[in-house]
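Residue 317 is where the sequence shown ends in the numbering used here, and the numbering goes up by one at each step.
Just so you know, the hints here were simulated from the structure itself, not pulled from any lab data. In this text, a Cβ means the ideal position worked out from N, Cα and C, and glycines have one as well.
List time: in silico DSSO-like cross-link candidates among lysine-lysine, alpha-carbon distance up to 27 Å: (1) LYS277 x LYS222; (2) LYS96 x LYS154; (3) LYS92 x LYS218; (4) LYS292 x LYS134; (5) LYS44 x LYS63; (6) LYS218 x LYS177; (7) LYS241 x LYS218; (8) LYS96 x LYS44; (9) LYS213 x LYS241; (10) LYS69 x LYS55; (11) LYS292 x LYS277.
What follows is a list of derived Cβ distance ranges for each label pair: (12) ILE290 x TYR58: 49 to 59 Å; (13) ALA212 x TYR81: 41 to 51 Å; (14) SER183 x PHE93: 16 to 26 Å; (15) TYR58 x GLN230: 45 to 55 Å.
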Amino acid sequence: MSILNFSIGIDIGGTNTDIGLVNQLGYVIESYHLKTAEYNDAQKFVNDIVILIQKLLYFNGIKDTHLIKGIGIGAPCGNYYDGTIDDAQNLKFRGKIPLKSMIEEQLHIPVVVTNDANAAAYGEMIYGGAKGMKNIVMFTLGTGVGGGIIVDGKLLYGSDGLAGELGHTILIPNGRKCNCGNSGCLEMYASMRGITQTCKELLEQFPDNDLAKLPFNKLDPKIIADAAYQGNEVAIETYRKTGEWLGIALANAVTFSSPQAIFLAGGIASNGDILLKPTRESFEKHKLFIYKNNIPILVSQLNENDAAILGAAALVF
1 MSILNFSIGI
11 DIGGTNTDIG
21 LVNQLGYVIE
31 SYHLKTAEYN
41 DAQKFVNDIV
51 ILIQKLLYFN
61 GIKDTHLIKG
71 IGIGAPCGNY
81 YDGTIDDAQN
91 LKFRGKIPLK
101 SMIEEQLHIP
111 VVVTNDANAA
121 AYGEMIYGGA
131 KGMKNIVMFT
141 LGTGVGGGII
151 VDGKLLYGSD
161 GLAGELGHTI
171 LIPNGRKCNC
181 GNSGCLEMYA
191 SMRGITQTCK
201 ELLEQFPDND
211 LAKLPFNKLD
221 PKIIADAAYQ
231 GNEVAIETYR
241 KTGEWLGIAL
251 ANAVTFSSPQ
261 AIFLAGGIAS
271 NGDILLKPTR
281 ESFEKHKLFI
291 YKNNIPILVS
301 QLNENDAAIL
311 GAAALVF
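Using the sequences plus the hints, can you model the full thing?
Take a look at the structure:
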């Protein structure tokens with residue numbers, strides 16, 4: 001296969017950044033990782049990304065960077081039109097970060113930037129469970145909640161390149177305060193911190209529950225999910241409430257997009273029926289009647305770490 005059939009895919013998340021060398025068949029040849037949360041300075045972050053890209057190319061025998069098709073990046077608040085990260089609330093470096101130009105200046109390889117959830121959605125359509133579909137909505141459930149919308153086989157960017165911030169739709173007016181400045185965003189109820197907060201609030205009512213014996217800073221959605229599968233009532237109720245809220249958000253998304261399917265990605269989505277069952281029940285309960293029983297809620301079929309890498313790389317091709 002020609003070397004021109006390779007690209008670099010980068011998934012920037014609030015917690016981790018994954019950088020992979022990808023071929024056109026959708027295989028991640030090799031990948032490296034950074035701890036995004038450790039970076040307060042955007043330039044230092046970009047410099048370390050460049051170093052890892054250079055290592056990827058060197059150790060895979062690619063000596064001429066001009067032979068790489070391009071670099072695709074999925075990032076929180078990634079702006080496709082401007083090639084920037086625009087005031088991402090889940091990153092420690094704030095403001096409008098000119099990511100595209102910062103990397104192109106160092107590597108002289110064309111760069112495409114998009115929202116991280118957009119990249120995951122595109123990867124699902126090209127390489128995953130949405131193959132053959134042209135209209136899908138993806139929710140990414142992790143440090144935050146992201147959204148990617150594909151209409152007629154194309155990512156929806158909107159007038160400013162920032163369409164699809166579904167995690168910041170208002171779910172509960174005057175609810176929990178979100179980093180974006182609003183209150184009651186979906187992200188504050190269906191993200192890692194949102195689920196943990198729900199559990200903590202329930203434990204205040206049931207201080208004798210086994211989970212209350214853990215330090216609050218040790219609680220996370222995986223521990224809570226494991227406890228739910230073992231029959232812990234507070235953990236079960238945590239995910240029931242989370243599913244109820246998430247199902248409402250999915251039902252709302254259907255009314256403006258009428259997708260063939262909704263996909264859930266990210267670590268939280270891998271917790272299985274403890275989340276999926278109440279989510280699907282709430283979705284059917286709140287969905288407009290004309291859409292009843294014909295829009296499945298599916299979990300991404302791509303590896304959690306590879307989905308956004310593949311989607312970002314696919315944009316280059």
